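Based on the sequences and whatever the hints tell you, model everything.
Number of protein chains: 2
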Amino acid sequence: MSFDRLIAKITELKNPTVAGLDPKLDYVPEYLRKSFLDEDGETLKAAAKAIFRYNQMIIDALCDIVPAVKLQAAYYEMYGHHGVKTMERTIRYARLKGMYVITDGKRNDIGATMEAYTAAHLGSVCIGECEYEPFGADALTVNGYLGTDGISPLLSVCKERDKGIFVLCKTSNPSSGEFQDLLIDGVPLYARMGDQCEKWGADTVGAYGYSAVGAVVGATYPEQLTELRARLPHTLFLVPGYGAQGGGAAGIAGGFDKNGLGAIVNSSRAILCAYKKEGCDEHDFAGAARREALRMRDDLTSYISIG
Amino acid sequence: MSFDRLIAKITELKNPTVAGLDPKLDYVPEYLRKSFLDEDGETLKAAAKAIFRYNQMIIDALCDIVPAVKLQAAYYEMYGHHGVKTMERTIRYARLKGMYVITDGKRNDIGATMEAYTAAHLGSVCIGECEYEPFGADALTVNGYLGTDGISPLLSVCKERDKGIFVLCKTSNPSSGEFQDLLIDGVPLYARMGDQCEKWGADTVGAYGYSAVGAVVGATYPEQLTELRARLPHTLFLVPGYGAQGGGAAGIAGGFDKNGLGAIVNSSRAILCAYKKEGCDEHDFAGAARREALRMRDDLTSYISIG
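As they're listed, the protein sequences go chains A and B.
Converting from the first sequence to our numbering requires adding 609 to each position, the first position being numbered 1.
Converting from the second sequence to our numbering requires adding 609 to each position, the first position being numbered 1.
In case anyone wonders, no lab produced these hints; they're calculated from the structure.
Note that the coordinates shown come from a computational prediction; the quantities given were computed from them, not determined experimentally.
For every residue, glycine included, the Cβ atom is placed at its ideal position computed from N, Cα and C.
Careful: at least some of the hints might be erroneous.
[Unchecked claim] On the chain B side, residues computed to face chain A include the following (Cβ under 8 angstroms):
1. Glu-686
2. Tyr-688
3. Gly-737
4. Asn-752
See below:
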């Protein structure tokens with residue numbers, strides 16, 4: 610009912626990173642893409658199948674060195690229900706390989722509708738006497754703009770099923786300040802959102818001191834990351850924006866606590882497209898992803914020491 | 610590139626309502642549910658197929674009197690990719706029947722990821738030389754917490770393809786005020802969000818004076834609805850919370866302009882489950898839905914006069 614499973618995995622692998630599985634079709638190497646498109650035609654179904662195979666090979670290459678994967682729902686919805694099926698299958702495969710799985714859906718709604726999202730992504734659905742986990746991820750990113758009504762349904766499932774959520778607080782993009790930095794009685798909105806995360810998570814704090822309610826805080830705002838680490842002692846941070854978006858390891862270090870815990874840093878394109886940057890044989894795309902993941906781990910752990 | 614198509618339809622039918630297709634499996638009448646579960650077993654697939662049939666019959670019963678449907682994505686994701694396939698098929702069927710289709714996904718993200726959501730829900734995706742519209746709705750609800758970076762990708766597609774978006778401003782739920790009512794220099798956050806909607810939509814204003822960027826404003830806050838109508842003259846409102854959540858037609862009237870336009874009011878459960886409330890034969894569920902839709906139309910238009 611906290612993020613203990615994820616943090617244990619981070620500690621075991623001494624690696625505070627999550628690999629973002631945001632697979633555009635043009636990230637998939639030509640040879641792999643071609644084999645599926647030749648078989649099924651230039652269809653959404655073929656694209657989705659190619660992406661599943663690609664994800665599998667990336668997961669195989671990372672599962673013993675990276676604790677978690679994060680699936681960006683948008684890149685699956687792009688291929689319609691075929692893509693969503695690939696999302697389901699990828700979640701199942703990654704969990705089978707022992708990885709902690711975060712669905713990055715930034716879902717938000719209220720009451721019964723939020724219960725439906727919760728059942729879909731973290732919980733289960735009963736059809737007659739049969740129970741199914743439609744997606745079955747370990748954690749979900751959510752947007753808290755609608756307040757407690759949108760978060761409560763998630764909390765019950767977090768407790769019952771040992772799941773977690775990450776609430777958007779200070780996002781990594783240039784315009785994140787338009788609303789998030791607005792001052793209310795001298796306190797920026799993102800810090801207010803963070804304060805609510807502490808409240809929402811209060812009765813789910815686990816062995817490492819972190820609750821089941823985490824926060825998204827961008828690597829591109831190192832000052833705010835450091836400020837929020839001090840302000841929100843029980844809130845685990847999911848940190849996007851490393852690398853491609855310009856967030857460096859030195860700045861990210863402020864997001865960790867004195868035990869080198871408290872944050873998990875995402876990298877998507879740099880890992881998925883490492884073979885393009887490396888210029889290696891595209892058949893070695895998974896090897897290149899692994900090399901980049903190791904480089905990133907070493908980069909981050911040169912600034913922090915875990916456990 | 611505005612909401613002209615939707616408003617023309619509202620004017621034609623003299624009905625400012627949208628029917629929410631939020632179909633839980635237990636809304637589907639026993640006889641229909643049973644026929645699909647008997648055929649395919651107690652599976653997510655059978656549930657999704659039953660819901661599609663149910664949606665079709667509701668759409669058939671409403672399409673000549675109600676201008677639009679709104680599909681709540683959560684109730685489709687509940688059934689995994691099978692449910693998402695039903696969402697796709699329902700969107701296609703409703704458009705075929707001439708209805709304007711809003712996907713209520715409250716999606717939000719930034720940059721390339723928001724482009725992926727946009728392509729999925731409102732735009733198209735190319736696989737080789739073939740182009741597909743994965744979901745192909747007319748409009749999408751979105752959450753603006755991430756600022757302009759999360760909205761810009763939508764705007765280009767709204768312009769190119771004559772689509773629209775509704776941004777969450779003041780939601781209908783009890784805790785909506787936790788963040789949305791916070792005052793920044795005396796102005797509540799929901800009004801700030803509304804001001805941005807005016808800016809985002811500025812170059813897409815159509816024949817009726819409304820842009821392609823609408824706002825979600827709950828029926829349960831009639832004062833704010835009236836206030837925002839005056840403040841945001843080019844922003845069309847999507848108004849949830851009528852009926853079940855307690856919003857009455859008299860209060861909603863403040864959300865309309867002097868021509869009886871400027872808002873579209875949603876009802877989901879009251880229409881979908883009208884047969885239960887009416888206590889009629891469940892085989893007449895679609896007839897009951899139509900009767901409730903007519904009652905709602907008459908209730909709203911007793912306070913406003915369209916066109």
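Hint by hint, which ones does this structure get wrong, listed from lowest number up?
none
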